[in-house]
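Colleague: One line per chain: the protein sequences are A and B, in this order.
If you're matching positions, the first sequence starts at 9 in our numbering and goes up one per residue.
If you're matching positions, the second sequence starts at 40 in our numbering and goes up one per residue.
One thing to keep in mind: the hints can contain errors.
[Stated by the list, open to error] Quick list of in silico lysine-lysine cross-link-like pairs, DSSO-like style, CA-CA up to 30 angstroms:
no., chain 1, residue 1, chain 2, residue 2
1, B, K168, A, K264
2, B, K49, A, K10
3, B, K79, A, K10
4, B, K209, A, K41
5, A, K41, B, K196
6, B, K190, A, K47
7, A, K278, B, K196
8, B, K199, A, K41
9, A, K71, B, K168
10, B, K199, B, K168
11, A, K31, A, K52
12, B, K79, A, K31
13, B, K49, A, K73
14, B, K49, A, K278
15, A, K31, B, K49
16, B, K209, B, K196
17, A, K73, B, K196
18, A, K207, A, K278
19, A, K31, A, K47
20, B, K209, A, K71
[To be verified] Here are some of the chain B residues that sit facing chain A, going by a computed Cβ distance under 8 angstroms:
no., residue
21, A107
22, G198
23, N210
To be clear, the hints were calculated from the coordinates, so they are not data collected in a lab.
Yeah, the Cβ is synthetic: ideal placement off N, Cα and C, and Gly gets one too.
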Amino acid sequence: MKPLAGGTELLLLIRDRRIPTPKYLLDLNAIRKELSYVKLEEDKVRIGAATTLYELSQSILHKDKRYAGFVDVFYGFATMAMRFYATIGGNILSATQYNDYLTLLTVYEPELVLVSKQGERRLTLEQLVLDKRKLAIRPDELLKEIIISVPPENTSSSFMKFDRRRILIAGVVTGAVLLTLNDNVIEDVKISFDMIREKRVPGRARKTEEFLQGKELSEEVVEEAAEEILPSEMERMSDWWTTGEYRLDMSKVVLKRNIFRAARRIRGEK
Amino acid sequence: MVETIRVNLKVNGKQYVLDIPPDERLIDTLRYRLGFTSIKEGCGRGECGSCIVLVNGLPRHSCLTLTATLDGAEILTVEGLAPEGKLHAIQVAFLETRGVQCGFCTPAFMLLTKALLDKTLDPSDEEIKQWLASAICRCGSYHYYFKAVRKAAEYLKKGKILFDEKEVRKNLYKLPLLR
C-alpha cells in the first residue's frame, strides 16, 4: 500500500518498474485541502505536507528574503505544469539526491511531523531520510507537516542547480546556503549539497560551515572554504552524466556563488 | 480487489458518470473512453507535455493522473474551447500567427495559454516562457507561440472571445507571408 498525493514521482516509479507494483494506492485527495497550507505562527513556519509547489509560490515563502531559496528551487523545478500538483511532502519522501526541496530544506533544519493511529512523531530530516529511497517512516504513517523555525532578520538563502538546461533537469550539482550576517561577520551559515559522501541523499558540509563561522565575509575566506575545506569532506561520484572531478569543481563554484548571492540578498542588493 | 470505481467527471461542460478500473490513467479515459483525441501521449512520463489538459482550470499531465482520483473534477480539452462552428480567440491567434506546424503539441500549448491568460491578460515574457516551457514542440514553433499568446491576450482584452470559423478561415489566406 502506498499513499498517492501528486503522483508525479510514485506513478513514474510504478511505470518504470523501479519499485514493486503496490497492491493498493491510497488516494490522499480527500484530505488534501486540510494538508495544504503555509502558516506563520510566532517563530515557526508550518507547511502542510500536501501543499503543492504552486501554493508554496503564492505563500509567504516567496515574499520574504529569508526564504529566498524557495524561489530559486521553484523556478528550476520540473516544468510549470507539474508545479501545480507536485507536493512538497512528495518531494521530501522521494528521498533522492535529485529532490531539490530536500537539498534546500536541509539548511533550514526542519522538523517533520509524522502521524499514525498511535499518534504523532517528530523527526529531523536526517532522522527521516536515511539514504536514497530509504526512509524511517513506517507503512502506517503519513507525513503531515514540515515545521521551519523563522530565521533571524539578517538572514537569506540561495539555491543553485547546475546542468545543461534550465528546466526539466536532475542537476549535475545542486547546493543550498542559509547565511546569517552581522554587519559583515558570518554569524551563522548552513551549507548543503545534493551529496557529500557515501549517502546518496542531500547532506550538510559541516566542516566548511565550521570554518566559515565567525569569520569576516570576504573573497579570500570564501575562496579558501571552497578550494581547501570543502574538498576535504566531499567525495563526488562519477557516473553516466559526468565525472566526480567535474562535480567537485562545480560544487566549489556553486558554494561560492550561493554565499555571495545570499549575502547580496541580505543587503537588499540585486 | 475493487473491480471498478465510479467517477463523476465534467469534461468540456458535459457531465459524465464513468465506471472505470482504478488504475486507468486520465489520458486513456479521455482518448479511448470518451474520444477526445486532441490529447496525445508523447513520453508518458510528464516531460513532453503533449498530454496536458486543464483540471479545474490548471494544467495537468493526463498521463500522470489516475482518473479515479479526480471525482467531481472539471476537465477542459481543446475540443471544449469553442462550440461547433466557432473558434476561441486563442485558436484564432495560433492560426493567424502561424503557430501551428504539425499540430501534435498545439492542443497542449493552447491549453497552457488558456490557463496563463485566465490568470493574467498581461503576461510578461518570462511568464510566457515559464508556462509554455511545460510542453515541447519538435517543429520548434516556440517563437510563433510567443506571438500567439500576446495576440490572444489582445483579443481577450478587447472582449473578443468567440470567432466565426468560416470567417477566420477565409481571412487566413489574405494574411501576409511570415518571414
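Colleague: Below or equal to 30 angstroms on CA atoms is what counts here, so check A/K31 against A/K47.
Modeller: Not OK: A/K31 and A/K47 at ~35 angstroms, beyond 30 angstroms, violated.
Colleague: Is the hinted pair A/K73 and B/K196 satisfied, with a Cα-Cα distance of at most 30 angstroms?
Modeller: violated, 34 angstroms
Colleague: Need the status of pair A/K31, B/K49: alpha-carbon distance at most 30 angstroms?
Modeller: holds, 29 angstroms
Colleague: Restraint: B/N210 near chain A, CB-CB cut 8 angstroms. Satisfied or not?
Modeller: violated, 32 angstroms
Colleague: Starting from A/K31, check that the Cα of A/K52 is at most 30 angstroms away, please.
Modeller: violated, 38 angstroms
Colleague: Between B/K168 and A/K264, is the straight-line Cα distance small enough, at 30 angstroms or below?
Modeller: Given that 30 angstroms is the threshold and the Cα spacing comes to 28 angstroms, the pair holds.
Colleague: Are the Cα atoms of A/K71 and B/K168 separated by 30 angstroms or less?
Modeller: holds, 22 angstroms
Colleague: Does A/K41 pair with B/K196 here, judged by a C-alpha cut-off of 30 angstroms?
Modeller: Given that 30 angstroms is the threshold and the Cα spacing comes to 33 angstroms, the pair is violated.
Colleague: Does the structure keep B/K199 and A/K41 at a Cα separation of 30 angstroms or less?
Modeller: violated, 36 angstroms
Colleague: Check the hint pairing B/K49 with A/K278 against an upper bound of 30 angstroms on the C-alpha distance.
Modeller: violated, 46 angstroms
Colleague: Given the proposed pairing of A/K278 with B/K196, does the C-alpha separation stay at or below 30 angstroms?
Modeller: violated, 34 angstroms
Colleague: If you draw a straight line from the CA of B/K209 to the CA of A/K41, is it 30 angstroms or shorter?
Modeller: violated, 49 angstroms
The structure does not agree with the numbered hints 4, 5, 6, 7, 8, 11, 13, 14, 17, 18, 19, 20, 22, 23 stated previously, though it agrees with the rest.
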